[in-house]
Amino acid sequence: MGVKFAKELYKNGKIAVIIVTMIIFIGVLLFSKNDAFLYHDTIAKITSIHTEKYDGGALAKTYQQNIKAVILNGDKNGQTIKLINLYSQSYTVDEKFVVGNQVFVSLPENKQAGRAKITGLKRDTYLALAIMIFLAVVLATTSKKGVYALFSLVLNIVLLFASLFFFEKNTHILLVSVCLMLLFCILSLLCATGFKKITMVAIIATLATVTIVSLLYFVLLNIFGDPEYFMMEYTEYLSNTNYFNLLFFTEVLIGGLGAIMDVAISVATTVDELVTVNPDIPMDDLYDGTKNVSYDIMGTMINVLFLSYFCGTIPLILIKLINNYGFTEIFKFHIPFELIRFLTGSIGIVLAIPISGTIAISLLKKKGGK
Amino acid sequence: MILALAVIFLILVVLIGGDRGVRSLLALVMNIVVFFVDIIALKHGMNAYVMTLITIILMSITVLFFQNGYNLKTRATFLSILLVTFTVFIIAVIIAAFSQISGYNELNMYEDEASMLAGSVTINMTAAAIAMVIVGISGAVIDVAIAVSSAVYEVSHKNPHLDEKKLFASGMRMGGNILGTTINTLFFAGIGESLLLFLEMKELHYSLGQLINSKALFQMIFPILMSGIGCALIVPMSAWIMGTFVRKYQS
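Going down the list, the sequences are from chains A and B. Under my numbering, the letters of the first sequence match residues 768 to 1137, in that order. Under my numbering, the letters of the second sequence match residues 71 to 321, in that order.
Just chain A, with the same shape it has in the complex (with noise of 0.2 Å):
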């Protein structure tokens, strides 16, 4: 059977792109395993470790690595450093390196200025690695639909990465996000189900429920008052802080869309396959037809969004709980804006049901009468 699938594999001609696939990218991993030459900063990778206690008088036990590298780029290329990292049992605010990790290094100018100290490990190979598994298994269980939710993936993190330099500039915020939005919705719907009336029925209702779900928002905001965005994460070097209103407006949606997309695509699907079946379907069985499609992702992509938002913050908390905070203040102070995420994207998937299937009915129905 192994070689009847090889067999079938090479006359699809699947397997030269299996091969060259794979050659990519285990080069992918090479290259990042030996950029250093890329980096300015100098690089060291760790040949040994000799760990030992350390009595640092905190709770958690501390031990010390002794550790000996030799750097890989820069003038001091090949050379051997010794260098020392301090960690606890609970790796909070501090790493571990193992045998093999490359690292960034500080070099004291002359013998007198000190030891040479590690910055930070350099990580890019393990994200490489990540995103390497992530892509072969994904193209390896959706082939050619695969190729375009990855293209506009990355279509999605261009337009990201460019939405933050107009961001930056804290002016017109929030027509940059109504465009970043609108464009998101367009491009992805477009990779998902390519030029066809369906895209088009999606990419309505997916708008139309975005801006009901955003008035919303705002009205509650103006009623309530803002939350308290100093308390959110990566704010601290912000400077323009008269803007969080907008930015973190813009990530509640961001956050949502997806899911509403999700709805929306799948209850025009449904819709279109219905009419198609038969043009003649009396409205009723229509509605129910949807409704029963509809609930089904209702609950789960729910759950999914409460799963992806809240298992994040958790390993955090948890050091808040052991150093003794209350469940009220965490609720009050760390998870408020999780909290505000996850309503509003829920509000947002339940809102897309009746809005997509009005929508969908009503455009598709139309020309299946004609």
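Check each hint, because a few of them may be wrong.
Unchecked claim - Listing some non-contacts, in silico: residues in chain B with all C-beta distances to chain A over 10 Å:
(1) F135
(2) K228
(3) H231
(4) K236
(5) A239
(6) K318
Said to hold, decoys possible - Below, a list of computed lysine-lysine pairs in the PhoX-like style, where the Cα atoms sit at most 20 Å apart:
(7) B:K236 - B:K318
(8) A:K781 - B:K235
(9) A:K820 - A:K781
(10) B:K235 - B:K143
(11) A:K828 - A:K1058
(12) A:K849 - A:K828
(13) B:K113 - A:K828
(14) A:K863 - A:K835
(15) A:K1087 - B:K113
(16) A:K828 - A:K863
(17) B:K272 - A:K936
(18) A:K820 - A:K863
To be clear, the hints were calculated from the coordinates, so they are not data collected in a lab. Virtual Cβ for every residue (Gly too), placed ideally from N, Cα, C.
Let chain A serve as the given structure and place chain B on it in line with the hints.
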């Protein structure tokens, strides 16, 4: 504001979703309870990996058996979910062993006065981080698993003469169709939190080198990638297991 949002959310779910809406709310509440128990157990130093396994099993049970009933279809789905989460877990542990994904990153380290808090933490934060990544992916993985299993089950029901290979192929087709949108959903939910992160990095003039080696970036992307891997792996896994189950059961 949060309360208002919550009330609107509840009203909408009940109004639009009706019976089914209430049932998915109940499942959500059960998941939240499981989640809380998990956190409290972790806080008291329970092994994070054991707790992850228990959490995943409980969450799958609520979603599968509570929402969809205990039958051949859900049993097959349950098995494939366990196998796939275990595989992703292994991948995550291996990558995390080298890449240090735990605790505070270079940007949020100073916001929480992290170093003051760290001294009294005696649990392994790497394990906790991996545990949360795995629990986090379970939602999407369960979602895809149910879709694929249902499709294979339906196809085999309507065409009792299809062999396992054909069933597998139809499951793969179905899975391929939804995988794209699922990855899209995960991607947007993941990067939704990153706008401020990226702006802060720009404010600090991160170079490309700093960006791709950043712990903050890695902590953000890692869960998205692991979810994607899980969702992609569950497609062939549940198509295969469902196909085999259906044919075994019939003969």
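Hints and how they fare:
Every beta carbon of chain A lies more than 10 Å from that of B:F135, the smallest distance being close to 14 Å; the non-interface claim holds. In this structure B:K228 is separated from chain A by more than 10 Å, as the shortest Cβ-Cβ distance comes to about 14 Å. With a closest Cβ-Cβ approach of about 21 Å to chain A, B:H231 is found to remain outside the 10 Å limit, as its non-interface label requires. Against the 10 Å criterion, B:K236 stays outside the reach of chain A, whose nearest CB is about 15 Å from its own CB.
Non-interface status of B:A239 relative to chain A is upheld: no Cβ of that chain comes within 10 Å, the nearest being about 12 Å off. Remark: the non-interface label on B:K318 is consistent with the geometry, its nearest Cβ contact in chain A lying 19 Å away (cut-off 10 Å). A threshold of 20 Å between alpha carbons decides the hint, and for B:K236 with B:K318 the separation of about 15 Å falls inside it, so the pair holds. A threshold of 20 Å between alpha carbons decides the hint, and for A:K781 with B:K235 the separation of about 19 Å falls inside it, so the pair holds.
Restraint check for A:K820 and A:K781: the C-alpha separation of about 54 Å exceeds 20 Å, so the hint is violated. Between B:K235 and B:K143 the alpha-carbon distance is near 18 Å, which keeps this suggested pair within the 20 Å criterion. Using a Cα cut-off of 20 Å, the hinted pair A:K828 and A:K1058 is violated, with the two alpha carbons roughly 56 Å apart. With a C-alpha separation of about 23 Å, the suggested pairing of A:K849 with A:K828 is violated against the 20 Å cut-off.
Distance hint between B:K113 and A:K828 is fulfilled; the C-alpha atoms sit about 17 Å from each other, no more than 20 Å. Between the alpha carbons of A:K863 and A:K835 the distance comes to roughly 14 Å, so the proposed pair stays at or under 20 Å and holds. Using a Cα cut-off of 20 Å, the hinted pair A:K1087 and B:K113 holds, with the two alpha carbons roughly 10 Å apart. Restraint check for A:K828 and A:K863: satisfied, since their Cα atoms lie roughly 13 Å apart, inside the 20 Å limit.
With a C-alpha separation of about 11 Å, the suggested pairing of B:K272 with A:K936 holds against the 20 Å cut-off. Between the alpha carbons of A:K820 and A:K863 the distance comes to roughly 13 Å, so the proposed pair stays at or under 20 Å and holds.
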